[in-house]
Every structure is written in structure tokens, then in C-alpha cells.
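Asks: If you want the building blocks of each chain, they are given just below.
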Amino acid sequence: MRFTIYRYDPDRDEKPYMQDYDVPLEPTDKMLLDALVRVKTHDDTLAFRRSCREGVCGSDAININGKNGLACVTKVADLKEPVVLRPLPGLPIIRDLIVDMTQFFAQYHSVKPYLINDEPPPETERLQSPEDRAELEGLYECILCACCSTSCPSFWWNPDKFVGPAGLLQAYRFIADSRDQATSERLDNLEDPYRLFRCHSIMNCVDVCPKSLNPTRAIGKIKDLMVKRMV
Amino acid sequence: MHGANRLGTNSLLDLVVFGKSAGDHVVESLRGLGRARPELPKDAADRTLARLARLEGQKSGEQVHEVRLSMQRTMQEHCGVFRFPDMLEAGVRKIKEVQNRCRHTEIKDKSKVFNTARIEALELENTIEVAVATMISAEARKESRGAHDRADFHERDDANWMKHSLFYSEGHRLEYKRVHTKPLSVEMFQPKKRTF
Ligand code: SF4
Ligand code: SF4
Ligand code: FES
Numbered sequence: 001m002r003f004t005i006y007r008y009d010p011d012r013d014e015k016p017y018m019q020d021y022d023v024p025l026e027p028t029d030k031m032l033l034d035a036l037v038r039v040k041t042h043d044d045t046l047a048f049r050r051s052c053r054e055g056v057c058g059s060d061a062i063n064i065n066g067k068n069g070l071a072c073v074t075k076v077a078d079l080k081e082p083v084v085l086r087p088l089p090g091l092p093i094i095r096d097l098i099v100d101m102t103q104f105f106a107q108y109h110s111v112k113p114y115l116i117n118d119e120p121p122p123e124t125e126r127l128q129s130p131e132d133r134a135e136l137e138g139l140y141e142c143i144l145c146a147c148c149s150t151s152c153p154s155f156w157w158n159p160d161k162f163v164g165p166a167g168l169l170q171a172y173r174f175i176a177d178s179r180d181q182a183t184s185e186r187l188d189n190l191e192d193p194y195r196l197f198r199c200h201s202i203m204n205c206v207d208v209c210p211k212s213l214n215p216t217r218a219i220g221k222i223k224d225l226m227v228k229r230m231v
Numbered sequence: 001m002h003g004a005n006r007l008g009t010n011s012l013l014d015l016v017v018f019g020k021s022a023g024d025h026v027v028e029s030l031r032g033l034g035r036a037r038p039e040l041p042k043d044a045a046d047r048t049l050a051r052l053a054r055l056e057g058q059k060s061g062e063q064v065h066e067v068r069l070s071m072q073r074t075m076q077e078h079c080g081v082f083r084f085p086d087m088l089e090a091g092v093r094k095i096k097e098v099q100n101r102c103r104h105t106e107i108k109d110k111s112k113v114f115n116t117a118r119i120e121a122l123e124l125e126n127t128i129e130v131a132v133a134t135m136i137s138a139e140a141r142k143e144s145r146g147a148h149d150r151a152d153f154h155e156r157d158d159a160n161w162m163k164h165s166l167f168y169s170e171g172h173r174l175e176y177k178r179v180h181t182k183p184l185s186v187e188m189f190q191p192k193k194r195t196f
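Protein chains in written order, with my numbering: chain A, 1 to 231; chain B, 1 to 196.
The hints are simulated quantities; they were obtained by calculation from the structure and are not laboratory data.
Heads up, some of the hints might be wrong.
What the hints assert, rightly or not - Derived DSSO-like pairs (lysine-lysine); straight-line CA-CA distance at most 30 Å:
#1 K20(B) x K15(A)
#2 K59(B) x K15(A)
#3 K112(A) x K20(B)
#4 K112(B) x K15(A)
#5 K15(A) x K110(B)
#6 K20(B) x K30(A)
The model shown is predicted, which means the values in this text are computed figures rather than measured ones.
Please put together the full structure from these sequences, using the hints given.
Replies: Written as C-alpha cells, this is what we have:
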């Protein structure tokens, strides 16, 4: 299979370049991650992140033939050759396909992605009705792979100011949680020309999410709540 | 720790509980020391640095992925869920050979930046320790326990084997430690055979 892969090692290279590989795959190499691991057996200097190899850890997000996705859940058979692989767009590149996620996680942390509830913890779990629990469907499954935020033009231009789809999805995940008591604090935190309102519903995020989540819808719901509390 | 066991996720709970306990213990004992911390031995980093230097200087040798595959195949074939005495014996021999090969792996990538080839080479040296410990302990244990079935000893044998295997990598030495059956703070769940 033919690949064209972005290469850059600041320790060795003056500037980035694209390297071609033509590597025979084994019948067991079903997913793009298998293929990448195969390429690495021919050239161990190719650097990429991976861990779970089953779409759970979020570490092997890359740009695949122009579209962000997880290598481990992308079928080799579906790819047009040469397969062009680049690091996720918009974030600083550490080396080859590995980007620096600091900015992405800083935005994630900024929405306080944890339960806020000042009541003393009960003896057992904080219970939730099945209906309340259902509100979290499509929100809690996010694996923080950054495919969405790094496909969002608003995030490219203002990664320091705009929370981005991944962070906003998680903000809404706690707003929607019946056990969380910080809804108004969370809305205050997003009441800003950039943090929330830079989203122009371009929907790139929805298009690329490997877990089929819908950040745009969550963002819409936060905007609705903002409007509601103003009137 | 959690009484009724199942195989999956045990390790995760162990990590969380004993990880916390170990962390608490470290903090507690450091507190007692105040500022007077004992000096690190002068050679504290030597073993680790030697591993790195070996990889750095290695100009020829086997590829990490080849040796790793041999380790995986050996464990899969000789030390799976269904175990056979002759296979285990041959497995001990084979996995020791693979361990020797681990000392001569070569990586082309010598970069100082996010060097995943080096990480994989070091990981191989770590995992082979576990593989060797597993194979040798399994070969020595003449019973079937947990999910494992040993063809020449189908039954669980509490009289002789209700004990922990302790493996020492120097000299591939095995020792045993008794299992505590006294409850520490909660009622003990009676040990019994694992059935499906
Ligand atoms: S819908 Fe909003 S968050 Fe998603 S890609 Fe578009 S601008 Fe970005
Ligand atoms: S919303 Fe989807 S694309 Fe975005 S970080 Fe979560 S899992 Fe990845
Ligand atoms: S390797 Fe974990 S998501 Fe792909």
C-alpha cells in the first residue's frame, strides 16, 4: 500500500517534508493503525501515538486523506491511495504525526469538566433517574481525541480564546447532569464573545467525530440556555 | 481485596486501591523525614543510563518488532489458558532464548525528540521480564488454578499450591509465600473452585 506521510523531527530536519512509503500489508492489517505499525517495522523513525487500538483512548487521531480521524477505527479498504497522513491541523507539531495537545487540554480544563455539587456526599452513589441519565447520552462518550476541535476553523484562529467543540461538549455534559449544581456558574464561564460564541455552526466537528457525537447540537443547547436566562 | 473475583478489571481496581495506598504511604514516610532525606546512592541512575547507552551504541542487531513477535508467539503457544507439561518445559527454554535476544536489539531512530522506537525497545526489555516470570512460575506450578487448565493436573490443589509464586530475575529463582487467609477487616469469602 502506498502512503505519503508528513515527517518532521526538529532534532534532525531543517523543515518538514512528505515521505513516500510503499509497504506490503499482511491480510491481518485491517485498520489504518495496523498499516502504520507495519510501516514502522520498515522504518522505526516514524513517530505516531497509539495505545488502545480500539477507539477508546483517543491517542491516534491524525489527518487521513484530508479528514481527521482515528487510525485504529479507519478501515484500510476504504482508503484511496496514496494514503496521505498528516498531524492534526492547527496544533504545534512535536514530531511527525505527533502534535502538542496542551492548548486543547487547557480549553478542556477551563470548563471545569467534573461534577460540582456542594452537598455532603451520600453514603452510597448519588442516584439519578433513568430519564436524567438519558440526558447524558451522546455527551459522556467523548474520548478527547481532538479530531473535532482541530477541524474547526474557529478553533484554528483562536485556540487560546475559543473553547472549541470538545470542551463545549463537555461543558454541556455537566450542565445537563441532574447531579451537578453549577449550571449558572458554568454559563457565566462561557458568556464571552469568544469562548462560546465563536462557534458559527460550521459542523466540521460533527462530520469528523469518530464516536459519532454531535458537539454542534450541544453548543446549540448551551446557546439556548444563555438566551433563556436573559429573558 | 474485593472477595469474589473475576479476571477482567481486577487489575484496574488493584491499581487504583494499591496505587492510592502506596502513594499515601510515600507521603507519610517522607513527612517523617523532614528535610533530612538520605542521599541517593551515587550510582542510582547507572542501570537505567546503561540501558539507554546500550541502545544508543548498538550499531547492528535484531529489530525490536521481530523479537517482540517471538515473545508474543512463544507466550501464546506455550503459556495460554490450556497448558501442557511438555509445552511449558519447551516454553521455558524458548522464552529464555528470546530474553537473550532482547539484549541485542537495535533501533535506527536515535533522535532526542519523542522517540517511540526507543520507548518500544525499553518496553520490550520490561515485558520480557514478566513473560519469563510467567512461564517459569507456570511450569513449576503443578495444578490448575483460576481460569487456567493444566493437562496433567486438572484439579486445583490447595494442599500444595495455595501459595504465591515469587520470581527473582537474578538466576531465574522461584520462591513461595503463604496466602493470608485471616480476614483483615471484613469477613472472608470462603475460597472455592472457579466454575462457569
Ligand atoms: S459547529 Fe462550531 S464548533 Fe463545530 S466546527 Fe463548526 S464552528 Fe467549530
Ligand atoms: S467530541 Fe468526538 S471528535 Fe471531539 S474530542 Fe470527543 S470524541 Fe473526539
Ligand atoms: S489507539 Fe486508542 S483510539 Fe486509536
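Asks: Against the earlier hints, flag every one the structure doesn't satisfy and list their numbers going up.
Replies: Failing hints, ascending: 1, 6.
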